[in-house]
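Add chains B, C and D to chain A, keeping to what the hints say.
Protein chains: 4
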Amino acid sequence: MAGQIGVGMVGYAFMGAAHSQAWRTVHHAFDVPLTPRMAVLCGRDAAAASAAAEKLGWASVETDWKRLVESDEVGLVDICTPGDTHAEIALAALAAGKHVLCEKPLANTVAEAAAMAAAAEEAAARGVRSMVAFNYRRVPALAFARSLVADGRLGELRHVRAQYLQDWIVDPEFPLVWRLQKERAGSGALGDIGAHIVDLAQFLTGSRISGVSAVTETFVRERPLVASSSGPAASSGSARGEVTVDDAALFTARFSSGALGSFEATRFAAGRKNSMRIELNGSAGSLAFDFEAMNELHFHDHTLDPSVAGFRRILVTEPEHPYVGAWWPPGHGLGYEHTFTHEVRDFLVALGSGTDPAPSFADGLQVQRVLDAVERSAAADSVWTVV
Amino acid sequence: MAGQIGVGMVGYAFMGAAHSQAWRTVHHAFDVPLTPRMAVLCGRDAAAASAAAEKLGWASVETDWKRLVESDEVGLVDICTPGDTHAEIALAALAAGKHVLCEKPLANTVAEAAAMAAAAEEAAARGVRSMVAFNYRRVPALAFARSLVADGRLGELRHVRAQYLQDWIVDPEFPLVWRLQKERAGSGALGDIGAHIVDLAQFLTGSRISGVSAVTETFVRERPLVASSSGPAASSGSARGEVTVDDAALFTARFSSGALGSFEATRFAAGRKNSMRIELNGSAGSLAFDFEAMNELHFHDHTLDPSVAGFRRILVTEPEHPYVGAWWPPGHGLGYEHTFTHEVRDFLVALGSGTDPAPSFADGLQVQRVLDAVERSAAADSVWTVV
Amino acid sequence: MAGQIGVGMVGYAFMGAAHSQAWRTVHHAFDVPLTPRMAVLCGRDAAAASAAAEKLGWASVETDWKRLVESDEVGLVDICTPGDTHAEIALAALAAGKHVLCEKPLANTVAEAAAMAAAAEEAAARGVRSMVAFNYRRVPALAFARSLVADGRLGELRHVRAQYLQDWIVDPEFPLVWRLQKERAGSGALGDIGAHIVDLAQFLTGSRISGVSAVTETFVRERPLVASSSGPAASSGSARGEVTVDDAALFTARFSSGALGSFEATRFAAGRKNSMRIELNGSAGSLAFDFEAMNELHFHDHTLDPSVAGFRRILVTEPEHPYVGAWWPPGHGLGYEHTFTHEVRDFLVALGSGTDPAPSFADGLQVQRVLDAVERSAAADSVWTVV
Amino acid sequence: MAGQIGVGMVGYAFMGAAHSQAWRTVHHAFDVPLTPRMAVLCGRDAAAASAAAEKLGWASVETDWKRLVESDEVGLVDICTPGDTHAEIALAALAAGKHVLCEKPLANTVAEAAAMAAAAEEAAARGVRSMVAFNYRRVPALAFARSLVADGRLGELRHVRAQYLQDWIVDPEFPLVWRLQKERAGSGALGDIGAHIVDLAQFLTGSRISGVSAVTETFVRERPLVASSSGPAASSGSARGEVTVDDAALFTARFSSGALGSFEATRFAAGRKNSMRIELNGSAGSLAFDFEAMNELHFHDHTLDPSVAGFRRILVTEPEHPYVGAWWPPGHGLGYEHTFTHEVRDFLVALGSGTDPAPSFADGLQVQRVLDAVERSAAADSVWTVV
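Chains as they are written, first to last, in our numbering: chain A, 10 to 396; chain B, 10 to 396; chain C, 10 to 396; chain D, 10 to 396.
It should be emphasised that the hints constitute simulated quantities derived from the structure, not laboratory data.
Here the structure is a predicted model, which means the values were calculated and not measured.
Worth double-checking, as some hints may not be accurate.
If chains are identical, the list can't say which one is meant, so a pair holds when it fits in one copy or spans any two.
[To be verified] Below, a list of computed lysine to aspartate or glutamate pairs in the EDC-like style, where the Cα atoms sit at most 20 angstroms apart:
#	residue 1	residue 2
1	Lys64	Glu165
2	Lys191	Asp299
3	Lys75	Glu165
4	Lys75	Asp372
5	Lys64	Asp355
6	Lys64	Asp81
7	Lys64	Asp40
Next comes chain A alone, as it looks inside the complex (with noise of 0.2 angstroms):
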């Protein structure tokens, strides 16, 4: 019999509804060592986090986040606020002995990124679990597509090419949300999308960015105010405010394996709603994936003879693919929400089994530093900045 493990969540927007509908479903999936009891929400407004508590399946509400943190009836503390206050509540989490699973990015500098994996450190050799919440690592596709990249069936990597296309702002009247204030969200596609995209090439090939080469651009630069940066978004009339984030990012790269990488995170491409693309190009082989279509992997196996070689669709919906064996028959395809239930399902067999889950807080302390770079390279003329 499985015991119990109380979980406190910070936030409880879109990330929020996301983590709940996995903290609701794990353990009626999957076969988990412990049980989470959906103990406590935190915000800010008592009124809005009471609503959501009860709309979302949470038994109490905070409106400090210190009290969740130090509350009895949490073990685990559910970071989905911006990034502007993950280090400051995810230190405090784990100073008091609680696990901590935070949003990425991990953070908004390489400085609290750093005391960040720091602190995880230390908690660990405590028995504290920490992990960063890079959700499309699971999902189905993506996990297989790790296995038969570690399974050599690429053979040596040539060429990365990640893209995380988007279009949810290409309309210049879009107000000034949270997102595109950088002292909320530290940066704008890169750090909110761009950031997925170099987690997973680096987590698809084990492999590390060293040097990248990138520009980023502002195309829209002044955008209608919210009424509450952290309302929704409608735009409050003509009153117009700075956008102080990029709208794209891209970049080359180098892995330190030898291949090349390239990259572009954007929300301005028309018609492409949640595009997160990735090949990989290797001597032996070649995978491609589109997040739109996030049950099929597009796999060439380039040993075959070449007439009967090509890109299969295949569909990562049997039983022997990761995550599968707990859901439906073949053909009958996941969500986006199921990254999210296979993310929790994995840190809590992480717990049972007393071991570190990845992606550890060390990992996005590792992608902070490549968000860093290209930063640094977008503002000195594209020069090669190293990682």
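What follows is chains B, C and D alone, placed relative to chain A:
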């Protein structure tokens, strides 16, 4: 504040797991007038049912469905058993004043289905609601397709081309599970998956199939026996039994609107895992869909200038699309299980508004009549057979 | 050094232009035992035929096909006229000892086709060769598909799913051209495009259709007249005439091998321009093809580990693929007209080696028998009709 | 009645064969003001050149290009040799008053290209025309894409994403052909295929690349020697030589319009045969193209209601599309070679109208400047380099 309704579910295999996920989730994603309480799970084997109840989140267990139907804890009976038991359970539940959600096909014979439809109509007069679980109507892309057709975007319909292709019994050593036995399943591919495309074609077109010409085939006529026909799909030695259902069913059809239909259901399409495909061609446009890419709908607007016309891939993940507003941002797709969450959501909404949900048992009966016409045509040299 | 052969072509519309491109090109792309000399073009209107001859590259013109057949300049007669004239011309040409390439369908009736096949067999004994122009056999992807089937890569065939979808007469104001008149065209979609998928299905499977059950329909029963039925497709005022052929034909079929077939030919599939699609499912693998992407063949190898299996997109542009070695490097695709160049190449090679090319007139007759069975079944309540 | 123009072609390998097909075909497909007469083919090996001339349809042969340039039979010189010879031949031809079609890249250095552009400008004043053979501009889908951009259908351009991916040298045992030698080819993937996407991006956007930041790499630095560097690609024993060109080139770019660009050219993308892909994102729409499916253009109209918006697959085979009216009905696609037929058609039309065809040598020079900036940036730590 929403009231509650106690749910009792009979059966806990594949469909039971999918329905459980829906009952656990629906009120967290949608605003529903009644919150489901997962009260009773019924299975013949007490130990197995108890284990399933704990895993799936049901509060108690019964081994006799009659007690579940009579339980004061249960206001809604969810029937997830093989087709040979649907009629008896549903009739008892309706008689007991319980709302009924019944898996498809509604029954194994037209006679049973007719009795169920009559009982449902009689019950509706008493405010007792029923619904047959053609879950694919609740794929957002297909619900949206229906609205495009209803809005006249396709003009006068000419062609319906529907295929449901699977491959799980291509191997002749796959054992003789209950779905391959006529006395349990009623029919083979025809009733299991053919029923879905019949319902879907009629739903999308808003028109009924008036006649058919059919062929059916059983490619592999003997298969290894399983120890228990309701048990897992493992064969037991060399003993073999007869496959008494169709492996594949093909038929042409005419709709009352004048459109022509081509239908195919098979479990022998190697490489097609759950490829429920449908294409509609009208005088003003066309639609194409494949469940293996369930978040996409392909729409051709034939009224555009030919130079810029073509099938467009609509990612049916916008807040304007049916059901999608409850979930994630554009491009963050849904999975198979969401169809069930949407299904019970619609049932709960109908209960709240005191209206009859669709598809009704009468709709289920009509599908059954089509399946029956298919079998009669196939048995009579494919001669045209009026539904 | 290759010798020459004089070619005489009857008809110079769409097919005539395509065949001319083939005769002009074949010896520049392939090593052929005979170089074609484009000797005589025949058309009833002398001025128009002369203009066509100059444009298309023919050395001289005749207005009476009988003189073309008898010309000493002509060793091979290429028949590109509507189906009602095929038999008379072909019989005369074979009698005159001229090799014959005849467009499809071979004739408008089984009786005519039978006479042609008999004449072709008799002529073959005299070394006079004949071929029916089912050009799609010469799409490299389909020729390669045939070799995969013949090599057993699909195992035992279960399903053939063939559709030929066009949309050029969706508009009810499209005029009554000769292809919509039974006395000229023999039938509508059935003979024009249905003939192609019948031939192709039998070619790919190496098995014959043994019986069918069919429905046909004429959606638009009257259309504007054109000034001349052989003229351009411009309507002439408000006068209308009856459409005397099918707009669409659907049928189920059985192959002598035991496979089931589903066939559909229509000119009312809005948005499908020339979508000749075919899918084969066997016990060991599947193939899928669509002419709208004619350089691709999709192959599923069902013998692979399920985790890495899936339909692979083979670009059929490798030097190992049929016909491709004569053209461009991998990835540099071919177009529609190449199918004709390949066709005449194969005819010339057969002439050089003194063998009978395929598909023979006997093959064309067999296709005609299938089309005839389709029409008889459609006229008899879709009853199963043996070919 | 059209006059004639004598053509002299220098070189008869891959490009020579493709150009020959164009010269043989153009006047049969299009109405052109001048009919080409394939007068002289030039190759250094008399026997091989004679065999090629007979195969490809040229009337006579020269072994010295200078005699070809001076021949009274030749009014137009078509240069299909490696890049190291372009300048000398083109300058001589222009001086001799012959029109010049020159393969890309225009030259191996900016200095050579500048001399050629100057000579072309001077010659144009005398009515002597010149054109650089960026044939991909003549893919109907891309010519049509240009018109959509020019018509404002994409709004303000934000992103250009261009990749040219091949895989023919993935195998390290592939020999050291001339395309891998700097003295012959000038550069590797950069000049061979990168030049195409640079030209195409500028053509489609109507905007020039103003600066770049680049990396290049040679993955396999030694390869087997071939007996003759101009011979077939067969290795000669164990001797190896140095690869002196790039295997891959990646760069970011800015356009004068303000758009950002991401470019990649490589011969190491296993499974990508000739995948020249380009995507444009603008404020009003997006376009995507891949040469491996050259008859398709994907267009997203961002001004539509989001519920029905998406990338539509336009089959660029309608009579309204550029060049297509000369060929086949809708859905009957074209192939690689047609790009050359269209190219020479446009050149002949320009000659007939006494105008300068595009792309001009000045356009070719500008591409060369971009390639040069790429090489300079790659050699200088990827620093931003103005074109």
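Hint-by-hint comparison with the structure:
no.: 1; hint: Lys64 <-> Glu165; in the structure: neither (49 angstroms within a copy, 42 angstroms between copies)
no.: 2; hint: Lys191 <-> Asp299; in the structure: neither (28 angstroms within a copy, 37 angstroms between copies)
no.: 3; hint: Lys75 <-> Glu165; in the structure: neither (48 angstroms within a copy, 48 angstroms between copies)
no.: 4; hint: Lys75 <-> Asp372; in the structure: neither (26 angstroms within a copy, 56 angstroms between copies)
no.: 5; hint: Lys64 <-> Asp355; in the structure: between (25 angstroms within a copy, 18 angstroms between copies)
no.: 6; hint: Lys64 <-> Asp81; in the structure: neither (23 angstroms within a copy, 27 angstroms between copies)
no.: 7; hint: Lys64 <-> Asp40; in the structure: between (25 angstroms within a copy, 9 angstroms between copies)
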